[in-house]
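> Just so you know, the protein sequences line up as chains C and E, in that order. Just so you know, we're using our numbering here: the first sequence kicks off at 1 and counts up by one. Just so you know, we're using our numbering here: the second sequence kicks off at 1 and counts up by one.
Be aware that a few hints might be false.
Pairs of lysine-lysine, BS3-like flavour, derived with a Cα cap of 30 Å [claimed, not checked]:
{"id": "1", "chain 1": "C", "residue 1": "Lys166", "chain 2": "E", "residue 2": "Lys23"}
{"id": "2", "chain 1": "E", "residue 1": "Lys4", "chain 2": "C", "residue 2": "Lys95"}
{"id": "3", "chain 1": "E", "residue 1": "Lys4", "chain 2": "C", "residue 2": "Lys119"}
{"id": "4", "chain 1": "E", "residue 1": "Lys227", "chain 2": "C", "residue 2": "Lys90"}
{"id": "5", "chain 1": "E", "residue 1": "Lys442", "chain 2": "E", "residue 2": "Lys406"}
{"id": "6", "chain 1": "E", "residue 1": "Lys7", "chain 2": "C", "residue 2": "Lys95"}
{"id": "7", "chain 1": "C", "residue 1": "Lys95", "chain 2": "E", "residue 2": "Lys230"}
{"id": "8", "chain 1": "E", "residue 1": "Lys23", "chain 2": "E", "residue 2": "Lys13"}
{"id": "9", "chain 1": "E", "residue 1": "Lys23", "chain 2": "C", "residue 2": "Lys168"}
{"id": "10", "chain 1": "E", "residue 1": "Lys138", "chain 2": "E", "residue 2": "Lys263"}
{"id": "11", "chain 1": "C", "residue 1": "Lys119", "chain 2": "E", "residue 2": "Lys207"}
{"id": "12", "chain 1": "C", "residue 1": "Lys166", "chain 2": "E", "residue 2": "Lys24"}
{"id": "13", "chain 1": "E", "residue 1": "Lys6", "chain 2": "E", "residue 2": "Lys207"}
{"id": "14", "chain 1": "C", "residue 1": "Lys284", "chain 2": "C", "residue 2": "Lys313"}
{"id": "15", "chain 1": "C", "residue 1": "Lys95", "chain 2": "C", "residue 2": "Lys115"}
Simulated from the structure, these hints should not be mistaken for laboratory data.
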Amino acid sequence: MCRIIESKTINPKLNLAFEEFLVKNANEDTNILFLWQNDETVVIGRNQNPWSECNIENIKKDDINLVRRLTGGGAVFHDLGNLNFTFISKNTDTKIEENFNIIIDSLAKLGVISKFTGKNDLVVDERKISGNAFVVEGDVLCHHGTLLVDANLNRLSYYLNVSELKLKSKGIQSVRARVTNVKSIKSDITVENVRTQIIESFMERFGQDTNLEVYDEKRIQKTLTNFENRYEKWSWNYGSSPNFEIVFEDRFSWGEIQINLNVNDAEITDVKIFTDSNDPLLAKLIESKLINIRFDRNEILKSIGTINKVEIKDISNLLKSKIF
Amino acid sequence: MEIKIKKLSGHDKEAKIGKICVKKNQEVRVGDVLLNLESGKGNIALRSEYNGKVLNVHCEEGSNVKIGDVVLTMDANGNKGPLETVTKKGEYSFGFTKQRNEKIDCDIAIIGGGPGGYVAAIKAAQLGASVVIIEKDKLGGTCLNYGCIPTKAFVKSSHVFSDIKNSDSYGIEVKNATANMEKIVARKNEIVDTLVGGIEYLMSMYKIKVIRAEGIIKDDIIVAETKQLKSEIAAKKVIIATGSSAFKINIPGADYERVLTSKEILQINEIPQKLTIIGGGIIGMEFAFIFNALGSEVTVVEYLDDVLCILDEDIIAVINEKCKSLGINLYTSSKAEEIIKANGKTLITKFTKGEETNYIVSDYVLMSVGRKPNIASEQLKALGIEIDNKYRGIKVDETLKTSNDKFYAIGDVTNILQLAHVASHQGIVAVENIMGINSTMKYDVVPSGIFISPEIGTVGISEKDATATGIKYKVGKFPFSANGKALTNGDTEGFVKVITNEDDVIIGAAIIGSGATDMIATFTSMIEKKTHVDDVIHTIFAHPTTAESIHEAILDVKGESIHNVSNNRVKDDKSKA
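Kindly produce the complete structure, drawing on both the sequences and the hints.
Right, dumping it as structure tokens:
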């Protein structure tokens, strides 16, 4: 049974939860096209580390959303010039290709010739206009992608630009690509007409027997009444990262210090401090205050702040300037 | 319990470990995510199929893994749960709670995925047919999972152990070597898994649809059903490749737990102290040599007058001699009557030899008395598919067609020759005929290998065959004791024997000795091409190889072998009739 579902909310936590709900309630007859948009949001792949793949400082400073999705792949930035599409269906060998063809067809009808690359992206003249990712739950395939129509590409690189943290992570790394908006290729294209054309192409391929369903925020919230929304939680968005090691170091008037942290499940599980300060207790005290707390700015600063030593002011500032 | 990676995104064979969601000693339940696997931007959450505890995590985030790798070990208490959650209204399910239906149309449907079925499937795909293969157990069938391959893995382990026990004679000193049956079985399982995985890969590369259920022919379609899925397959032609199963003779005690067939003994978790083998054919003798080498005291009870009695007398003589020196007890012309349970683990096998009654004590009994074709009589009767009176398998013509034009049959279910390579070739011939290519199956030049120590390879006509059919024949022979390479290997028992007709055309061969099963291949081709002895006289065989004995045996037909003084060395050719 074909369904075309449009979301009217731009809340990424609701959109992603709703998408997950649709996937988990799918069966072998499902054939859904879901179209949605988010207000300024960074979305990272399931197996990524946000501290290493995004500029958390800028994200926190501007109060941008950061959510982790269930599919693989790298970090992307959504704003209202970007259109997200999701295909939910039975997992077959040819579905992904069919899905891409619908998007390629739609763009072609609007005068833009795009191509599918081996990296599961869509490009126009070597520039990426759509990043895609996948997850398989049992027999159900969820294939979603972005479509840059009229996005703010400067903001994109501002939030996806890695800051200089000394971090060793085992997560999946984003692959930077040269991106472009579809609008820059054909100036009369808008998110609206791309959306309309994708709906038409989908109906053409799968028959007129499809309903167009519009879900606003209230309707989505009602649908998700008993559904656990993981996207509301720090423990999912930040916490569910692969493990990593991070180093902070600096030189001060009282000496040098190097703080090595092992972070597992976004909790500090190991601390090793090297310093040439004259105070023999300094390293031990800091280690004891950092171990087993969340890798979270406020918690770290609060815990360190209880140490009554003159060097702590410098160390706090160091951590404050790096951890976001 | 080892948790392995069974599948990845699409056709990917490798993936990177993403987030690992469990730790050592963590309790998990069915459906919990254990870890994530990412390939090509696709993520798969590996969910637990068991309730239990994680014992160890064997992989790291960011590392590469492939299908078949062990990622975790678990202590699985309780039963394997179905991957579904009881759904209350509003909760999600994974769509497994309702049986789904699918209807499939194809050119050729094949029931059975063993060496007959999967080879036929690949051939059919190569010729452009749409193919569905229906297999209720594992691809690779008996051969890969319960027969040829696993026994050869055991044979290799037993050879390594023998070599170590004899290492002193090679100047190598080894103390305290022990054989660990669990590790031998684990190695065998890994080999089997690799091969089965290889066939699964071939199926996907050739776009052959595999249905994992028992195929039942109802009217004109094949129905294959599991709890989750009911498939109805409508095919233009059907190939029945359901194989055969080991059977036990119906004597009292045959159903005791430690009375095994070849299938169960391949999973045994200890080396038997004493093993009684009822049935001294190929399967029985292979296991006799394997377990003797591993340290069991082995006794074989054979109904006919010789073990491996299809072979010629001179070969049986070598085997009997070897068994005597290894301490394998052989009782021929003996009929097993009953198996009695004594105290503890002991089983007593009662057998009669002529007027005498004898008893053997052992902790395990292996029944290797034959394999019966897997015939679903009612289904076949309803389709008008007849059974062959002579072979007692499904009756087929030389194109492998049955008495119902739409159905073909191949492999052990036809019961013509119970050999994997015969099944494969029958499969190819059947498919060629279905796809409009004329070809016929011949059984006259089929090589066969017996993996005891020393190995035996045979092809074509034996002396016993020639005598029975009244063909006049000549023999050329060469012993490995006169071959330099065999001497360097310390493996000098046995010989190469070639059989020609009166006109010196090669019609059969038998080799007993190390590497016989590989060497026999040289003769298959010669016999097919009706090679004359003179054609091979100037063929050069490399030195030092055991294969040189092939050349020498052929020379010997005319009394002209170089490294041996021949029995045939007389002026006039005397034909032995």
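> Indicate, hint by hint, whether the structure satisfies it.
Against the structure, the hints come out as follows:
For the suggested pair C/Lys166 and E/Lys23, the alpha carbons sit about 26 Å apart, so the restraint of at most 30 Å is met. For the given pair, E/Lys4 sits about 27 Å from C/Lys95 by alpha-carbon distance, which is consistent with the 30 Å threshold. Between E/Lys4 and C/Lys119 the alpha-carbon distance is near 27 Å, which keeps this suggested pair within the 30 Å criterion. As the CA atoms of E/Lys227 and C/Lys90 are separated by approximately 18 Å, the hinted pair is consistent with the 30 Å bound.
Distance restraint check for E/Lys442 and E/Lys406: the Cα-Cα separation of roughly 22 Å lies within the 30 Å cut-off, and the hinted pair is therefore satisfied. At roughly 18 Å between alpha-carbon atoms, E/Lys7 and C/Lys95 fall within 30 Å of each other, so this suggested pair holds. For the hint pairing C/Lys95 with E/Lys230, the CA-to-CA distance comes to about 22 Å; that is within 30 Å, so the pair holds. Note on E/Lys23 and E/Lys13: the hinted pairing holds, with a Cα-Cα distance of about 26 Å set against a maximum of 30 Å.
For the suggested pair E/Lys23 and C/Lys168, the alpha carbons sit about 21 Å apart, so the restraint of at most 30 Å is met. Pair hint E/Lys138 plus E/Lys263 holds up; C-alpha atoms about 14 Å apart against a cutoff of 30 Å. At most 30 Å may separate the alpha-carbon atoms for a hinted pair to count; C/Lys119 and E/Lys207 meet this at roughly 23 Å. Between C/Lys166 and E/Lys24 the alpha-carbon distance is near 29 Å, which keeps this suggested pair within the 30 Å criterion.
Restraint check for E/Lys6 and E/Lys207: the C-alpha separation of about 19 Å stays at or below 30 Å, so the hint holds. The hinted pair formed by C/Lys284 and C/Lys313 meets the criterion: a straight-line CA distance of about 17 Å does not exceed 30 Å. Distance hint between C/Lys95 and C/Lys115 is fulfilled; the C-alpha atoms sit about 17 Å from each other, no more than 30 Å.
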